[in-house]
Structure formats: structure tokens, C-alpha cells
Amino acid sequence: SMVSTQSTGTYAGLKGVETEKLLQPCPDGIQFHPSANTAHDARMDVVAVGLWRNMQLAHMDVRVFHANAPSHMNTPLDQLYRRNECSKKQSYGKRVREVEGGAFSPLVMNTGGDIANEFQKVLRTLSTRISKRTEEPYSEVMAHLRTRLRFCLLRSCLIALRGNRRKIAITGLAHTELVI
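Just so you know, we're using the working numbering here: the sequence shown kicks off at 1 and counts up by one.
Think of the hints as simulated: they come from the structure by calculation, not from any bench.
One or more of the hints may lead you astray.
[As the list claims (entries may be wrong)] In silico DSS-like pairs for lysine-lysine, Cα to Cα no more than 27 Å straight-line: (1) Lys121 <-> Lys132; (2) Lys89 <-> Lys15; (3) Lys121 <-> Lys94; (4) Lys121 <-> Lys21; (5) Lys21 <-> Lys94; (6) Lys89 <-> Lys132; (7) Lys15 <-> Lys94; (8) Lys121 <-> Lys15.
As the structure is a prediction and not an experimental result, all values here were calculated from the model.
Use the sequences and the hints to build the structure in full.
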């Protein structure tokens, strides 16, 4: 397989890949944008070592928006991408740079599967690395990553629309009688 996740936390040649990583608390004295996420339990969707530079943490947070929503009907698509990327950067950019000591890349896409510029850069970098490591053609690697990405998006949309069909185990609850 071109892309694999191993138990060591490597993915596409990147090391230390983590999902839903808890961010460090914000110290006093740093001024953040009013819409910045300064919550003590803030999490980053994906963190990896070495995406942009050796030994540098790359933090990535995902946003998916519906371009055909009534609130977006009169806004050009490129402006929607920029707006969503800027919003993510305002929420996390300074915190990642100054508190985490890493780089931040917003991964913005619409529900149709199209992706914004920053996300394009991440995919190009990953595709180049995988292509070099596996000696697979760059175009095939990129197509594979885009296909996997779109299936993940489709799965997420289906879960959002119909709910999760997996049975959820509920533990620790005592038997309760309902009186009607």
C-alpha cells in the first residue's frame, strides 16, 4: 500500500502523527485574536513531525463547509476558501506558533470534495514524499490521496446525515425503571 498507518505513529513518511492532540495551555501575557481558541481543552485534528521542516511540529485542523448553503449563495468559491482558511488561522495560528512552537496549516474543503490552497500544499508535499519513497508516479499517488480523502468526506457526511449505525456500548449505568 502506498500510504499506511503503523502502530509507531508514522504516516506517509511523517513521524509522530497524532490525531485529536490536546494543545498546551495558553500562558498569561500573550494577546490572542478575539476569536482564537484559548480553551484549556482545545485539540488539533492532526499533528505530525517533519511535514514542512525536519523535527518541526506541523499542526493541521480540518474545516468542511457547504458551498451551496443559502448563506454562501452570493459569495465566490475562492472567497469562501480564503474566509475559512483565515478563520482557522485566527483560531489557532498564533497559539500554534508561540505556544506549541510549530507550524499551522488549515485543511479547508467543501462538501463537494474540492480543497483550498493550504490543503493543496499539504497534499502536494505528502504526494511528493510518498512518490519518492515508493517510486510510484506522483500523479497516481496524488489521485490515491484525493480518492481516500473524498471517501473520508463521504463517510463523514453520511454519518452527519443519518447518524452512526455502530452500536455504542454503554457501561456503568444501573438498571432504571421508567414510570409512564
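*If you check each hint against the structure, which ones fail?*
Failing hint: just 6.
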